[in-house]
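So the sequence lines, in the order shown, correspond to chains A and B.
Note that the working numbering numbers the first sequence so that position 108 is 108, with each residue one more than the last.
If you count the second sequence from 1, you need to add 1000 to reach the working numbering.
Please keep in mind that the hints were generated in silico from the structure rather than gathered at the bench.
Any given hint could be a false lead.
Some, not all, of what chain A presents toward chain B, calculated at C-beta under 10 Å [to be verified]:
1) I115
2) Y127
3) A129
4) T145
5) I305
In this text, all values refer to a predicted model and were calculated from it rather than measured experimentally.
Glycine is no exception: its CB is placed at the ideal position from the N, C-alpha and C atoms.
So you can see what is in the structure, the chains are spelled out below.
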Amino acid sequence: MNSENTTQLGLEEAARRSRRIVGIVLAAVLIAAGLALPFVVRDPYFMSVVILCLMMGYLSATWGIISQTGQLSFGHSAFVGLGGYTSTILYTQLNVTPWLGILAGGAVAVLFGVIIGLPTLRLRGVYFALATLAFASILQIVALTTLRIGPIVIGASPGIQINLVNSGDAPQVFQFQGKMGYYYVIFGMLCLVLLLSFILNRIRIGYYWRAIRNDEDAAESLGINVARYRILGFLLSCFLTGAGGVFYAQYLLAVDPRRILGLGFSTEIALMGIVGGWQSVFGPVIGSAVLVPISEFLRARLSAIPQMTTVIYGLILVVFMVFLPQGINGLIVKAVKELSTQASRRRRHRVEKTDA
Amino acid sequence: MINSFLSALVLGIETGCIYAVVALGLSVIFGVIRVVNFAHGTILMLSLYLSYYLFTWFKIEPYATALIAAGAAFVFGYAVQFIVVRPIFVREKAYVVEPLGVLMLMAGVDMILSSVGIILFTPYVKAVRSIFSVMTVNVGFSTLNISRMVPVPVAVILTTLTSWLLNKTETGNIIRAVGQNRDAAAACGINVHHIYALTFGIGCAVTALGGNFLLPFYPISPTIGTGLTIKAFVVVVLGGMGSIYGMLAAGVIVGLIESISSVFMPGSFATLVALAVFIVIIVVKPSGLMGRIRI
């Protein structure tokens, strides 16, 4: 019995080791492929879809950080918008380069995150989700109707445009000619966020988050300060989302309150995360890699009835919530675990045979 | 000044009663199933369109179609709970179902329904011109529209009826039993999933029944649903999730806040004030005015 147990443990250990090696190799290959991609593909439409994939992946990965603590943000577009508006206002009115705007945008998002998150993340259940929803709606109404707050021009419903500098060839103010510059920026941002998320998942705070989302009461009785770790996760998420908003504004050279602060955008971000697998590190990116091309394809095909895209989004959301709550990532994790354990068992078997 | 203030007061109570009715259904559903029905306003929108077409095709007055619309909403709500939401409840064995997953699920249902609404009914605004739409009465400080007054007694009656249904009838006892402890209720031989679906249906029917009185004076479009849902959330949180009479009080308060603040500032900011109240309530007293549910 005992020896059987140790063999089982050994098998799992071996499987884990082989998984780790495969994971490192896979990550290296993906990063290399990502770096080489703009040199291989020159088609601007293809590149714009890829950039959209990366950006939505980035945003839903940052959205995923708060969902890893077992809460759900329903108005994450608010923080995208705060970031985008902050850097754009700083650039157009004070001439501060958007590169610094990334920090400022993130900081403003964190500031509002404190206001919203501090009281609501102490509560259980749906209050946080509803509060974020209300917050995003408030911001959108303000942005749509206010031309200026004191000396700060917000621009009401058309939003704010960013002027092209040197016909787009101005890296010092976050403008690039062609898609390649934007591609590398968002690719780098995405890699950083995934790395950060991956590391956080493997240190103490990640274990706390997992404990909290599995059973809040149990976590609390073990002495974990549930509210504090949730708030930490949320503020981190706010900062990174705000930074993503700066990229969004610079890539489109505009902030449009209808889009960037819209409820639809929030749902889209959440949808990518859920389809890929919310509460996981890589899930949101998988989700955006699957969904963005589908939605682009649908948009082109169904331009006569644009609502069809929303119907299909809704169907996907319902189907995943009902049948696959762990998302695509859950499927992959399960399959990989199964395969690697089987492979280790087979190897062990062979070794035993040759020993005998 | 005093006249416009009085008019705002009346308008606030009238609008507030509509909010109360929408929130009432939401609160019934949340109180028992713990499902935040994100599609609530959109289901009301669909029932309003049903009444609209009954009016334009068969010339049936909206006040008469209220019952038909309520019946349809009941069947629809029952089906949504039984077909779409039930699998999640079956999967989650624990007593408190993960309400966040269901919130997301209902957001998906809302996306589908409102987009299908746009495809079927076109995005343009439609209005019912019933004989009640033009009846007015002069009360000194302003001329009041009769059809706008009707929702006030309707809301009071519906609230009382719902309270009676939940507290005084056998079905109500069963529903509350399931709401208090799902597993214990199941052990007593109650078909929990039937009761859940029943409650969902009742919640939708109550909202459709009361909401139907909007038709003679409120132009409808497929996109009104989400706005109504968010308003109803504000009322539900203010009144206390799961409470019945709290909805009436909170609905009127939200209506008054909106109408009175729109005397002093542009209209779209009135919504903003209501949402700000919502956040303040969540921060200060999340159990609401008359909340029963432990936070």
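Hints, verified against the model:
For I115 (chain A), the interface hint holds, the least distance from its beta-carbon to any beta-carbon of chain B being 9 Å, beneath 10 Å. A hinted interface residue such as Y127 (chain A) counts as satisfied when its beta carbon comes closer than 10 Å to some beta carbon of chain B; here the least separation is about 5 Å, so the hint holds. Annotation: A129 (chain A) was flagged as interfacial toward chain B, and the flag holds, the nearest CB pair being 6 Å apart, inside 10 Å. A distance limit of 10 Å between C-beta atoms decides the matter here; for T145 (chain A) the minimum to chain B is near 5 Å, and the interface restraint holds.
With its C-beta approaching chain B no nearer than about 6 Å, I305 (chain A) sits inside the 10 Å limit, and its interface hint holds.
This entry satisfies every hint, going by the numbered hints stated previously.
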